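Participant: Here are the chains, one letter per residue:
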Amino acid sequence: MLLWFIVTIVTAIACAALYYAATRRSVNAAADDSAATNRHFQAVLATIDADRAAGKLGDVEAEAAKGELAREIMLHKTENTDAEKGILFGGNAAFAAVLAVGVLALGTYQLVGSPNMPSQPLAGRADAAAAIDIKQAVARIETELASNPDDLRGWRVLAPVYMQSGRYADAAKAYRRIVDLGDMTANAQTDLGEALLMQAEGDASGEPMELFRKAVALDPSDVRARFYIAGELTRTGDFPAAVSAWKELLALSKGDEPWVPTANRGLKLAEADGVVDSAADTSADDQAAMIEGMVSGLATRLTDQGGPIEEWVRLVRSYLVLGDKQAAQKTYDAAVKAYPKTFDRADLDSIAAAGELTLEEPSHDIAIPNQKKGWTRKQKRLAVIAGLAIVVGLATTLVLVALRDQIVFFYTPSDLSAHDVAPGQAIRLGGLVKDGSWVRDGENNTFVITDGGAEVKADFVGILPDLFRNGQGVVAEGSMTPQGDFAATNVLAKHDENYIPKEIVDSLKARGEWRPEAGAAN
Amino acid sequence: MPIELGHFALILAFAIASIAAVGGFAFWRSGERIAQFVSQAAILQFVLIAIAFLALIQAFVVSDFSLALAAKNSNPVIPMLFKISGVWGNHEGSMLLWILILVGFGAMVAAFGKNLPRDLLTLVLAMQALLTASFSGFTIFTSNPFWRLSPAPLQGSDLNPVLQDVGLAIHPPLLYTGYVGFSICFSFAIAALISGRIDGAWARWVRPWAILSWLFLTLGIAMGSYWAYYELGWGGWWFWDPVENASFMPWLAGTALLHSALVMEKRNALKVWTVFLSIITFSLSLLGTFLVRSGILTSVHTFASDPTRGLFILALLALFIGGAFLLFALRVSTLRHGGLFAPVSREGALILNNLFLATATGAVLVGTLYPLLLDALAGVSISVGPPFFNLTFAVLMSPLLIVLPFGPLLAWKRADVVAAAQRLVAAAALAMFLAVLIAALSGATVSMAPIGLLLGFWVAFGAFAELVERGKVGRIPPMDSVRRLAGLPRTTWATAIAHFGVGVTVLGIVATSAWETELVTTLNPGETTSLASYSIAFDSFDPENGPGFTAEVGTFTITDTDGGTRQMQAARRTYQASGLPTTEAAIQTYGFSQLYLQLGEAVNGTHVVRLWHKPYITLIWIGTLFMAFAGALSLTDRRLRVGAPRRKARQVREAVQ
Amino acid sequence: MNWLRALLVMLLCLPAMSALALNPDEILDNPALEARARDISAEIRCLVCQNQSIDDSDADLARDLRLLVRERLVAGDSDDQVRQYLVDRYGEFVLLRPRMEARTILLWGAAPVLLLIGLIILFIAARRRTPATPQSLTGEEKAVLKALQSDKAKQ
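Protein chains in written order, with full-length UniProt numbering: chain H, 1 to 522; chain P, 1 to 657; chain W, 1 to 155.
Hints listed in this document are in silico derivations from the structure and should not be mistaken for laboratory results.
Check each hint, because a few of them may be wrong.
To be verified - Below are the DSS-like pairs computed for lysine-lysine, each with C-alpha atoms no more than 27 Å apart in a straight line:
(1) H/K457 / H/K434
(2) P/K114 / H/K77
(3) H/K325 / H/K337
(4) H/K254 / H/K337
(5) H/K77 / W/K146
(6) H/K254 / W/K142
As the list claims (entries may be wrong) - Every beta carbon over 10 Å from chain P, so not counted as near; a handful from chain H, in silico:
(7) A14
(8) K56
(9) V98
(10) E201
(11) Q326
(12) T446
(13) E455
Said to hold, decoys possible - From the derived model, a few chain P residues whose C-beta atoms are all more than 12 Å from chain W:
(14) T142
(15) D165
(16) P343
(17) V366
(18) P371
(19) T392
(20) D416
(21) A486
(22) V520
(23) P525
(24) Q569
Remember, it's a predicted structure, so these values are computed and weren't measured experimentally.
We put the beta carbon where it would ideally sit given N, CA and C, even for glycine.
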């Protein structure tokens with residue numbers, strides 16, 4: 001319940017903060033706004049001067065830039081209002097909003113949260129349970145595998161445990177499953193062969209031999225398989241083959257591997273056609289002694305200096321295989337002392353349990369995560385067709401449409417009558433203001449633009465610049481109305497007496513009306 | 001309980017974001033109050049998501065395996081760094097990281113946005129809130145990192161060994177900061193389209209975010225490339241992998257965006273380009289997310305393979321990308337046209353730059369999606385691999401690289417190309433001289449190599465032409481030149497350094513592609529071999545153990561031409577919990593070049609060693625560092641920051657002298 | 001059986017084996033053929049890997065394919081014949097460089113076409129846009145700029 005309490009308090013605080021933000025008295029933000037904007041314009045002006053000094057703007061261009069800036073400022077003034085427009089976001093709306101927040105949050109949490117689960121940091125876990133029951137653990141994994149027989153990892157966990165417990169038939173089944181699930185490596189073949197071999201109590205004839213040979217074919221350096229092959233050949237009395245098999249095996253060694261003495265003994269045996277002599281027996285004792293030595297060496301090192309958990313595992317396993325349960329138990333206890341936390345002991349506990357060793361601290365099973373299924377081909381197609389068609393098609397079409405609008409075509413009145421311009425499309429119209437055509441009524445202006453050939457009636461709401469006069473050159477931005485007039489949204493270029501845009505000059509020249517000496521005729 | 005508190009924090013953030021989005025879009029004209037509301041909401045979202053993220057980290061650090069995510073992606077024996085970075089080494093956790101950065105940026109806009117017009121601020125934060133609500137909703141309902149397990153297992157699985165690396169700690173956060181940073185530009189673009197207002201002040205806000213995001217994206221991609229190079233063990237640094245492409249496309253578009261934003265801020269021109277690119281760049285970021293997480297394209301990065309997630313993301317994508325383009329088409333005409341300029345001018349050159357970058361982005365997009373499309377529509381499976389991308393990209397980029405040094409020398413509004421060309425003569429001559437010299441000395445059999453070198457040197461040297469010009473180097477006493485150069489605005493320096501970085505990267509790519517040498521041989525302890533004037537002796541081969549893995553380590557001694565020796569260690573590891581093997585290559589750096597050694601397993605009793613000499617390969621990443629540094633430098637230019645009048649005046653006076 | 005168990009003990013410690021990309025035993029004696037083999041391999045996809053060529057990959061299948069390529073080269077096939085041989089057996093998917101044919105026209109053509117379209121649009125737009133060359137600023141504009149500058153001087 002503590003959790004729900006905290007959760008509610010947090011929600012309340014958040015909602016209160018939101019409500020307060022929305023309903024406290026408005027700070028006068030307008031002043032801040034304009035100060036910042038002013039600074040921005042000043043910065044731009046300074047940049048223009050700097051660029052001109054640095055040669056990045058020609059003189060003429062710098063003037064043009066300043067003109068653009070000035071127009072920007074003027075337009076900004078007319079546009080900017082701080083009056084609150086539209087639906088007012090008042091106290092009621094704010095209240096409704098924060099209420100919605102609360103409901104949505106608490107409701108969703110109720111739906112998806114696990115409020116009653118306590119945290120379980122690993123260090124603090126004192127799981128009380130009975131002693132390890134490896135059979136239960138194995139049984140649990142077996143049940144999972146029954147419903148999910150393709151879980152390779154499960155089989156890989158179980159198979160060595162079966163081998164350890166002496167359940168060779170089950171081990172063989174597990175390894176066979178591993179091979180069936182697609183593990184084509186030499187290792188897998190050898191593992192299966194080994195399990196069958198143990199099941200048959202050392203008789204490797206038939207399938208095990210086949211498997212070992214297959215393994216060797218896959219990986220000529222597979223020592224284990226070669227070993228078993230050579231051993232089986234010796235056992236069945238095929239001494240010539242055995243000799244060459246032992247020789248091939250020994251060829252793989254660098255001379256210092258632990259299995260070499262055994263292999264040598266096997267070779268001698270085969271060469272002697274199976275006759276065992278007492279000398280060979282003593283070497284068996286030597287062999288055993290050597291193994292004991294190696295194992296006890298490892299044991300001494302671990303007890304004196306400690307070591308990684310993997311080496312402890314190796315040692316316990318070795319003792320178990322050698323049948324020395326007492327030593328295994330001692331080692332296990334020492335390992336537990338060295339790694340008192342269960343999670344540090346990796347696989348050691350399960351191996352110890354398989355060997356029927358005991359432990360003071362209880363521990364838990366290993367969980368195997370589930371695999372998720374992937375997309376099927378059909379679903380992939382569906383998703384791709386639907387999604388990409390929408391996104392890409394929409395995007396491309398719309399972008400092309402939009403970019404088309406960016407190209408603003410320039411027309412003179414004659415052009416307009418020649419081409420059909422759709423009403424509403426943004427264009428620029430240029431020409432001369434027809435003498436006497438300009439009528440002003442407050443902010444409403446109507447005038448006629450002419451280029452000597454055709455005329456267009458235009459209207460513009462706003463303040464026209466000083467130099468707009470009858471008879472002057474003008475370029476206006478806007479669009480055609482359905483009635484064939486021009487609705488100007490911007491009278492773009494500012495002119496003095498001597499300037500006329502290039503297009504108009506060309507157009508007038510073409511008509512022979514170009515009079516460079518024409519002044520500010522009213 | 002911390003986990004559940006974190007879970008609730010995520011949900012509360014989702015709720016707040018949803019309401020803020022709805023309220024913001026409904027009441028955006030309402031003035032001060034709604035602005036305050038969404039600002040407060042933005043800050044609350046950040047605080048809550050941060051709490052949620054911390055809760056996840058805590059669970060990983062103490063190995064609380066009642067959290068399913070920790071049980072699947074962590075293990076008590078791995079080092080602390082990987083416990084923490086394992087939080088985002090998976091789908092759910094990385095989604096939360098993505099959202100954390102998203103709300104982080106939103107909170108920054110809220111905190112520093114006091115000077116923004118109220119309606120603009122409201123719209124921007126409402127858009128961010130909409131993004132947050134959508135993606136946190138997606139996370140909560142389909143990819144919740146807070147799912148619990150009962151009974152809690154005692155053993156975690158493991159973090160994928162390939163990801164157990166310092167690179168993992170840094171690469172995704174850098175990359176995400178880049179991706180998500182562009183969401184701010186996107187939100188600003190949407191706000192401009194809705195309100196119909198876009199002016200220099202708008203650009204003043206967009207440009208720093210564009211540069212910041214671009215900077216992080218550059219670093220993130222470079223890091224990813226270097227990490228793949230040394231971690232994956234086969235010496236490649238760019239594979240045109242779908243996920244790499246998914247990060248590269250926003251980078252290309254982002255580069256175009258930041259150049260556009262620059263023009264917008266200075267000359268109030270290229271408005272439509274800037275808005276368009278803002279939308280495109282973030283759309284590509286989102287597309288990248290979809291491509292990776294849906295599992296549609298196979299890649300090292302695939303996390304999710306659940307159909308529900310894929311469809312959900314698809315819907316989100318259609319909503320945001322489709323909606324944005326629709327809005328763009330409808331509203332773009334309301335944007336006032338900006339400053340005029342002649343075709344041959346700096347603005348014109350930047351438009352050309354945008355065109356090439358956009359085309360390159362398009363080509364990469366087509367190449368990445370083509371196999372998918374063909375498979376879905378025709379049932380035919382083809383591969384589009386590095387050969388296609390290398391060819392297409394190189395051909396597209398070459399003209400751009402040729403034109404690059406001209407850009408900074410052109411004047412605004414109307415430029416004199418001939419004058420600009422005259423200032424580049426020295427750079428061109430030097431580049432040609434060096435390229436020919438190196439080609440002749442090395443007897444390059446690869447025909448494209450000298451041309452590539454020429455391009456690289458041309459870009460690198462040409463980048464300094466403007467500095468030489470502005471500093472009047474050689475025409476006035478050196479100390480005066482130095483003073484002039486020191487007084488130059490930082491953006492000028494940033495431009496030069498960034499373009500120089502591009503040249504350096506090109507040189508690295510050309511050098512390593514053309515002159516890399518390789519040796520594959522059998523080698524045993526005690527034997528020696530040689531490659532490219534280095535002698536490599538195999539000293540010993542020993543097993544070793546590390547946290548969570550066993551390894552076999554080969555130790556080598558390298559002797560170079562001067563007789564100096566160094567040791568290299570290469571290894572093959574097997575990770576216990578997962579059983580997965582990895583290769584740890586050995587790398588030694590000599591100057592700008594590297595020796596790369598990969599150790600094989602013993603075959604028939606001998607070891608196989610694969611050795612490369614990669615000349616000047618580090619230049620590839622050094623160039624990107626220059627670019628990132630330039631970005632950071634540009635951000636610190638006080639003239640273009642909000643509200644910094646005094647210093648600016650002095651700088652301008654100095655620049656004018 | 002003692003030695004068998006002993007062996008089991010020892011073998012429990014042996015690590016797993018794995019192969020390496022491009023082993024020395026694959027390298028052909030003829031350097032020209034080997035160079036061709038490497039070039040071809042760089043463009044053949046490893047079918048069981050994530051986006052690697054057979055030249056780079058450690059997988060067994062990659063090794064098989066590398067040997068196959070060399071086999072065909074030694075048998076006298078041309079580069080194209082070797083590629084076709086692989087395509088016959090594994091499909092087009094195995095080629096990392098898509099072949100130029102009817103169904104990949106869009107792919108190879110995408111970049112040139114996009115570039116062309118872009119250039120055309122820009123060209124058209126450039127011709128229509130004429131920068132005005134105004135001379136001096138209007139009185140109104142001058143006043144506005146002066147106000148701005150005096151604002152700044154006041155700060």
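Participant: Was H/A14 rightly flagged as not at the interface, with every chain P Cβ beyond 10 Å?
Facilitator: Given that some Cβ of chain P is not farther than 10 Å from that of H/A14, nearest at about 5 Å, it is violated.
Participant: Is P/P343 truly not at the interface, in the sense that its beta carbon sits beyond 12 Å from all beta carbons of chain W?
Facilitator: violated (4 Å)
Participant: Taking C-beta pairs only, is P/A486 more than 12 Å away from all of chain W?
Facilitator: holds (25 Å)
Participant: Between H/K457 and H/K434, does the CA-CA distance stay at or below 27 Å?
Facilitator: holds (10 Å)
Participant: Is the Cβ of P/P525 farther than 12 Å from every Cβ of chain W?
Facilitator: holds (17 Å)
Participant: Check the hint pairing H/K325 with H/K337 against an upper bound of 27 Å on the C-alpha distance.
Facilitator: The given pair, whose Cα atoms are some 18 Å apart, holds under the 27 Å limit.
Participant: Once the closest CB in chain W is found, is it more than 12 Å from P/D165?
Facilitator: Since the minimum Cβ distance to chain W is about 18 Å, P/D165 lies beyond 12 Å and the statement holds.
Participant: Examine each Cβ of chain P, and state whether all of them lie more than 10 Å from the Cβ of H/V98.
Facilitator: violated (8 Å)
Participant: Taking C-beta pairs only, is P/Q569 more than 12 Å away from all of chain W?
Facilitator: At roughly 17 Å from the nearest Cβ of chain W, P/Q569 sits farther out than 12 Å, so the non-interface label holds.
Participant: Confirm or reject: P/V520 is not an interface residue toward chain W, with every Cβ-Cβ distance exceeding 12 Å.
Facilitator: Answer for P/V520: violated, closest chain W Cβ roughly 5 Å.
Participant: At 10 Å, judged by beta carbons, does H/Q326 keep clear of chain P as stated?
Facilitator: holds (28 Å)
Participant: For H/T446, is the shortest beta carbon distance to chain P beyond 10 Å?
Facilitator: The claim holds: H/T446 sits with its nearest Cβ about 23 Å from chain P, beyond 10 Å.
Consistency note: the structure conflicts with the earlier hints numbered 4, 6, 7, 8, 9, 16, 17, 18, 19, 22.
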